[in-house]
Amino acid sequence: MLRIPWTAFRTNVSILQELQISSRLSSECLRRILQYFGHIARKESDNLERLIVTGKVDGKRARQRSPIRWSNQIRAALNSTIYGALHNAKDRNRWRNIVRAKVMKQ
Numbered sequence: 760m761l762r763i764p765w766t767a768f769r770t771n772v773s774i775l776q777e778l779q780i781s782s783r784l785s786s787e788c789l790r791r792i793l794q795y796f797g798h799i800a801r802k803e804s805d806n807l808e809r810l811i812v813t814g815k816v817d818g819k820r821a822r823q824r825s826p827i828r829w830s831n832q833i834r835a836a837l838n839s840t841i842y843g844a845l846h847n848a849k850d851r852n853r854w855r856n857i858v859r860a861k862v863m864k865q
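Note that the sequence shown covers residues 760 to 865 in this note's numbering.
A couple of the hints might just be wrong.
[Stated by the list, open to error] Label pairs and their calculated CB-CB ranges:
| hint | residue 1 | residue 2 | range |
| --- | --- | --- | --- |
| 1 | 822 | 863 | 34 to 42 Å |
| 2 | 781 | 856 | 13 to 21 Å |
| 3 | 834 | 863 | 16 to 24 Å |
| 4 | 806 | 762 | 49 to 57 Å |
| 5 | 864 | 774 | 17 to 25 Å |
| 6 | 762 | 801 | 44 to 52 Å |
| 7 | 807 | 787 | 25 to 33 Å |
| 8 | 852 | 762 | 41 to 49 Å |
| 9 | 807 | 782 | 30 to 38 Å |
| 10 | 804 | 852 | 37 to 45 Å |
| 11 | 842 | 788 | 20 to 28 Å |
| 12 | 856 | 834 | 14 to 22 Å |
| 13 | 863 | 832 | 14 to 22 Å |
[Unchecked claim] Once the Cα atoms are required to be at most 35 Å apart in a straight line, the calculated DSBU-like pairs of lysine-lysine come out as:
| hint | residue 1 | residue 2 |
| --- | --- | --- |
| 14 | 861 | 802 |
| 15 | 864 | 802 |
| 16 | 864 | 849 |
Simulated from the structure, these hints should not be mistaken for laboratory data.
Predicted model, so just to flag it, every value in this text is computed and none were measured.
We put the CB at the ideal spot given by N, CA and C, even for glycine.
Full structure from sequences and hints, please.
See the structure below:
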């Protein structure tokens with residue numbers, strides 16, 4: 760795109776500014792993950808999607824590399840427990856403010 764050689768020692772931030780890109784892809788992904796989690800958290804407690812996200816599904820999985828669980832991503836992003844995040848997500852306005860704060864911080 761910009762034909763910048765790898766020897767130029769440019770930072771990612773300077774390249775993003777030159778391309779006039781305001782948000783990073785990782786920030787957009789985090790925002791959408793948190794928004795979807797809030798959507799799922801406001802559903803009923805016996806909803807299948809909510810059970811999967813909170814990790815309450817019984818059974819065995821095939822032997823493979825351990826997946827990154829939704830609950831682990833949420834805990835890492837918010838620095839809180841999954842149940843604290845579920846409680847916060849019940850209030851839409853509070854959850855929107857939390858999502859905005861976390862995405863802006865990144």
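Distance restraint hint 34 to 42 Å, applied to the beta-carbon atoms of residue 822 and residue 863 = Distance hint for residue 822, residue 863 holds at roughly 40 Å.
inquiry  = The hint says 14 to 22 Å between residue 856 and residue 834; measuring C-beta to C-beta, is that right?
reply    = At 19 Å between Cβs, range holds.
Beta-carbon spacing of residue 806 to residue 762 - inside the hinted bounds 49 to 57 Å or not = The hinted range 49 to 57 Å holds for residue 806 and residue 762, with Cβ atoms some 50 Å apart.
request  = Look at the Cβ atoms of residue 863 and residue 832 and judge whether their distance stays inside 14 to 22 Å.
outcome  = Holds, at about 18 Å.
inquiry  = Taking the Cβ atom of residue 762 and the Cβ atom of residue 801, is their distance within the range 44 to 52 Å?
reply    = holds (47 Å)
query = Does the Cβ-Cβ separation between residue 807 and residue 787 fall within 25 to 33 Å?
reply = holds (27 Å)
ask   = Does the Cβ pair residue 807, residue 782 satisfy 30 to 38 Å?
value = Because 32 Å falls inside the window, the suggested range holds.
task = Compare the distance between the alpha carbons of residue 864 and residue 802 with 35 Å, and conclude whether the hinted pair is satisfied.
result = Holds: residue 864 and residue 802 sit about 28 Å apart, inside 35 Å.
query = Is 41 to 49 Å right for how far apart the beta carbons of residue 852 and residue 762 are?
reply = About 46 Å separates the Cβ atoms of residue 852 and residue 762, which means 41 to 49 Å holds.
13 to 21 Å as the expected CB spacing between residue 856 and residue 781, which holds or is violated = 20 Å Cβ-Cβ, so the 13 to 21 Å window holds.
query = Does the structure keep residue 864 and residue 849 at a Cα separation of 35 Å or less?
reply = Measuring from Cα to Cα gives roughly 22 Å; hence the hint holds.
key: Outcome for the supplied range 37 to 45 Å, where the beta carbon pair is residue 804 and residue 852   = Given a distance of about 22 Å, which is not inside 37 to 45 Å, the answer is violated.
This entry does not satisfy hint 10, going by the numbered hints stated previously; all others are met.
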